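Asker: Sequence:
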Amino acid sequence: MDKIKFELEISIHASPHMLYQYISSPSNLQEWFADKVNSRGKEYSFTWEGEEEIAELITKKTDDRIRFKWLESEGDDSYFEIKIQVDALTKDVSLVITDFADDEDDVEEAKQLWENQIDELRHTIGA
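FYI, in the numbering used here the residues of the sequence shown are 1 to 127.
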């Protein structure tokens, strides 16, 4: 069964360079994204409430984006990406989240979860 791709754009008041540190380093991800984050090479382990999920780092572009693929979803094209977007005119900074949900019912719940995570990031960096 194909997963449903969705995107979410969330405005955030922070410099792209600082944001990149918070989306790419395990210690900074641990401050807002998961309870615990470890990495060994391209393999990252994310722990929430004692449950560990393993993801492979697919793409990492300095001050731009990071993309992971959950190892449990090896047989499909799903991934999750956090991209930093800067408006050319206004210089407003946004995070563009691309993720996949199992079905239509899960899309809204997944979006809400991302919004909560980004709120936590804003709180962490004082944005």
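Calculated directly from the structure, the hints in this document are not laboratory data.
All values derive from a computational prediction rather than experimental measurement.
Built from N, CA and C at the ideal position, the CB exists for glycine as well.
Honestly, I wouldn't trust all of these hints.
Unchecked claim - Straight-line C-alpha distance at most 30 angstroms; calculated BS3-like pairs for lysine-lysine: (1) K61 / K3; (2) K111 / K83; (3) K61 / K83; (4) K36 / K61.
Said to hold, decoys possible - FRET-style restraints, in silico, Cβ to Cβ: (5) S45 / K91: 34 to 44 angstroms; (6) H123 / D2: 13 to 23 angstroms; (7) Q30 / L8: 14 to 24 angstroms; (8) F6 / E43: 19 to 29 angstroms.
Asker: State for each hint whether it applies.
Answerer: Right, here's what the structure says about each hint:
Among the hinted pairs, K61 with K3 is consistent with the structure: their alpha-carbon atoms are about 25 angstroms apart, no more than 30 angstroms. With a CA separation close to 15 angstroms, the supplied pair K111 and K83 stays within the 30 angstroms bound. With a C-alpha separation of about 9 angstroms, the suggested pair K61 and K83 falls inside the 30 angstroms cut-off, and the hint holds. The hinted pair formed by K36 and K61 meets the criterion: a straight-line CA distance of about 23 angstroms does not exceed 30 angstroms.
Distance hint check for S45 and K91: the Cβ-Cβ separation is about 36 angstroms, which falls inside the suggested range of 34 to 44 angstroms. Range check, H123 to D2: Cβ separation about 35 angstroms, and the 13 to 23 angstroms hint is violated. Distance hint check: the CB atoms of Q30 and L8 are about 22 angstroms apart, consistent with the given range 14 to 24 angstroms. Range check, F6 to E43: Cβ separation about 25 angstroms, and the 19 to 29 angstroms hint holds.
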